[in-house]
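Starting from the given sequences, assemble the full structure and let the hints guide the process.
In order, the protein sequences belong to chains W and F.
The opening residue of the first sequence carries number 2 in the working numbering; numbering runs sequentially from there.
The opening residue of the second sequence carries number 322 in the working numbering; numbering runs sequentially from there.
One or more hints might be untrue.
Stated by the list, open to error - Have a look at the derived ranges for each label pair, beta carbon to beta carbon:
#, chain 1, residue 1, chain 2, residue 2, range
1, W, Phe57, F, Gly908, 31 to 41 Å
2, W, Ala61, F, Cys724, 34 to 44 Å
3, W, Leu135, F, Ser717, 54 to 64 Å
4, W, Phe57, F, His725, 38 to 48 Å
5, W, Leu135, F, Pro666, 50 to 60 Å
6, F, Gly1004, W, Gln20, 52 to 62 Å
7, F, Glu1016, W, Val138, 32 to 42 Å
8, W, Ile161, F, His725, 31 to 41 Å
9, F, Ala907, W, Trp144, 24 to 34 Å
Everything labelled a hint here was simulated from the structure, so no lab data went into it.
Just so it is clear, CB atoms sit at the ideal spot from N, CA and C, and this is done for glycine as well.
Here's the letter readout for the chains.
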Amino acid sequence: MLQRVYMYTRYERMWHWLQAFMILSLFVTGLEVHVPSSVRLLGFETAVEIHRVLGFLLIANAFLGLFYHATTGEIRQFFSTSPDFLTMAARQAVYYLRGIFRGEPHPFEKNRNRKLNPLQKFTYVIILNLLLPLQMVTGVLLWGTQRWPDTVGKIGGLGILAAVHTLGAWLFVAFVVMHIYLTTTGRTPLANMRAMIGGWEEVEYGADEQAGDGFD
Amino acid sequence: MFLVTVSAASATTPPERLGPPPATTIEPPARAAAGAPLSIAHPSIRLLDTDGNDVRLSGRPVSPMRTCNEGCHDTEYIAAHNYHALAGQDEQSLPAPGQTPGGRPWDTSPGAFGRWNPLTFRYLSPADDARFDLGTPGWVLEFGWRHVGGGPAVSSGTGESLLAIDKAGAPTVETSVLDEATGERRRWDWRQSGVAELNCFLCHLARPANDARLEALRSGRFAWAATATLERTGLVERTPSGWRWDRSRFDADGWVRGDSLGIRPPGSAHCGQCHGLVHAGEDPVWPKPGLSEWSTETTGQVFSAQKMFASAVNLSGKYGLDRPWDIHAERLMECTNCHYLMNDPTYASEVFELRPAHLAFDSRRQEIGEFLKRPDHNFVKGWSAQGTVANSLDGSMRRCEGCHDAASAHAWLPYQKRHMERLLCEACHVPKVHAPARRVTDWTVLLPDGGPRIEYRGVEGSVHDPASLVVGYRPVLLPRDIGDGSLPRLAPHNLMASWYWTYGHPSRPVRLYDLRQAFMEGGVYRPEIVAAFDENGDGTVALEELILDTPRKTSTVRGRLQALGLEDPRIAGEIQPFSVHHGVAAGVYVTRACETCHSKSSAITAEFPLADAVPGGVIPALVGDANVRRGAVIEVAADGRLSYRPATMDEGFYVIGHDRSRGVDFAGLTIIIAVILGAFVHGGLRYHHARSRREGT
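Dropping the structure here:
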């Protein structure tokens, strides 16, 4: 039996879509800056300017998001203290590799207090604590090469910096592709997408009351 | 009128020479309007000979060192502080050659007196060489046209006057000249030829007679070179046997009015006599190929205020070129506004490192009188790739940013500081050179006129044909250190490749004399040369056949050189960069589009053609004292053309939009494709299983 749950607050949704828009735009403008002879949309100079502005907006939004999640306690969604975390992550992986084809139920039903499955938690921790900061730092240094040439020189110069930033961008794109695909693994292919748009999601009755279900 | 006839018979028979470049002379004022040399107030002077006697009375050649020294200018000081005069003699690595930054085993100095140049080919023989090419007198005969006198044309490397060298002693480099008929040394009598004193008149007369000066030098009358320079003043007249002073031009006491001589500070036209095409006036600009317009030949630079569309050059897109050949010429700047004298108080700048810490400004200045007494004739200089003499003065001149406020003028430029750190202003402000420039000097063969095979860039067709379309060229951007500890910066250059034969160990260039012996006999090609080079079998050697592009041609020439007794003859190749600092543009003619550099087809690593062919298959290398970073790929294309592609990334440049890590891109794209494929396979399987479940299968 299903019940409608207000899964994502207005701010969470706005934050998510703003990040999505900026990451996508950063990818497009970054691609034009990276290979301007192959991608000609805005012109190199405009692409650089937009990429720069979007980069700083992304950083601002990331810190706003961190503030929100820290002050509302939603940051706990991303962490697990369970000693069985690896076992549960394995269960989730097995589900994606086998159970999902057999029509088995999700091993961990989603609810307001547990929006992320173990693999999502792991992925988001990596993305938000490693990849995003890496992109932010390398991006700022690329922008600030002329302000801090010695710092850039010490870490290998523009060549190393740009290579790391580019690799991070490719990984981000890979993440976005996988992220979009995995949104289709909800109760219905568009259920997760609808939830992130409207905030409401249908979950199994009683799941919403199952706070602290053993893995968080 | 009293005319003093002067006997100036040839001091000694000058050897036969390769066709000398014509003299570059300053146009008469009637034709030269803006920028024409002007006279300034200068006291009357007495023209004195070397003994201090009035030339009117003695009939001897004028001595600028005595004349200008008469209570006014310390000419000894001027001659000693003057790299134009010393030409590297003061930097000679005596006695052993091969110790110069250029690395050539036969070079003895970094200046024109001792540094071999493939453009001029002849070389100053090291002291103990068995095969003798040029000694000091030969050097003056051959290269005096680009030398202001003084220095090696007056005294030996040890400071001894050439006039005082023991005539009876063993012949030395200072006293020997090559006999072109026999290839052997013969003695030169300096007492007959006299020495070529520092010629103040060449740069300080309104209209120096450079053609007459060259004629005096080439005829071996060195002492008369300065006198000949006065020809246009009317003070001296040419006679069939020499020169004679016109007494009517002097006053009763032997004085000559300063304004009648037109004595003045040098203008750009004076520099142009040796350095390249400096043009003023309304006659259309027309660069002439050849070494007489040296910098124009080597780079295509033209210093003129004239709009390009008004020139006589058959320029591509000519009528759209509404710009001067050089913006600084248009703004009435003279060469000496940037290349001023070291101690010129007008341009004095404080040496901050030496200033007492408690002073914010040191107001002490040299008096103008002191300066005029001892003007240091070491001109301030920059960091050019080809200016190898007096490198201790490199960086002494103001660069563009010494006058221009680049920051305010480039407010539109993103990442301005970064661009300024990695680019010299010329990189964008000389985006194109509009005159042809030499790109190949090939001495592995001799043309019928005895000169090298030459290729030009920037022109479609023969450079000598006025109808050939001049398309110009984009200079190659090479990273260069400017010696202030900053990062290397990109600067525009022309590259000239040269090939030539060397022999022996340590190697020496094959002398022009020997090369002629190898190729010619009685003024025509030797039969074995014709047999090897005549590819179409018409019995003659056509110009297009004159290139070492087959093993047979190479082995034939090598065999000829060996037959002349040259040990291990082999081909050497080198690339000389010539930095381009003139021909500066402004406005729409300047590089502004980011994509010029920030794109796959970036100008920074664009292929720069070097030569249509590679003589003997020898890939040339950059000269040792090029003052440019060496990261580059020199490639031979399938059709045999040679090109130079800078590898700026190897030199620490990373140009976003052009440079990238292919490994990173490959890894990233592989990951993305793998994820997309994985999603498709996973999604497809989900769909398949869901459908199977629905159908109950």
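Discussion item. Just to be sure I understand the hint, the distance between the Cβ atoms of F:Glu1016 and W:Val138 should be within 32 to 42 Å; is that true here?
Written reply: Given a distance of about 53 Å, which is not inside 32 to 42 Å, the answer is violated.
Item to complete: Using the beta carbons of F:Gly1004 and W:Gln20, state whether their distance is inside 52 to 62 Å or not.
Response: 24 Å, violated
Practice prompt. Mind checking the hinted window 31 to 41 Å against the Cβ distance between W:Ile161 and F:His725?
Written response: About 34 Å separates the Cβ atoms of W:Ile161 and F:His725, which means 31 to 41 Å holds.
Worksheet item: In this structure, is the beta-carbon distance linking W:Phe57 and F:His725 contained in 38 to 48 Å?
Response: Violated, since W:Phe57 and F:His725 (Cβ atoms, about 32 Å apart) do not stay within the stated range.
Item to complete: For the range 31 to 41 Å, tell me whether the beta carbons of W:Phe57 and F:Gly908 fit it or not.
Response: 34 Å, holds
Discussion item. Does the beta carbon distance between W:Leu135 and F:Ser717 stay inside 54 to 64 Å, or does it fall outside?
Written reply: Distance hint for W:Leu135, F:Ser717 is violated at roughly 47 Å.
Worksheet item: Lying within 24 to 34 Å: is that true of the beta-carbon distance F:Ala907 to W:Trp144?
Response: Taking Cβ atoms as reference, F:Ala907 and W:Trp144 lie about 30 Å apart, which means the hint holds.
Discussion item. For the hint 34 to 44 Å, verify it against the beta carbon of W:Ala61 and that of F:Cys724.
Written reply: 42 Å, holds
Worksheet entry | Cβ distance range 50 to 60 Å for W:Leu135 and F:Pro666, holds or violated | 57 Å, holds
Taken one by one, the earlier hints fail for this structure at numbers 3, 4, 6, 7, listed in ascending order.
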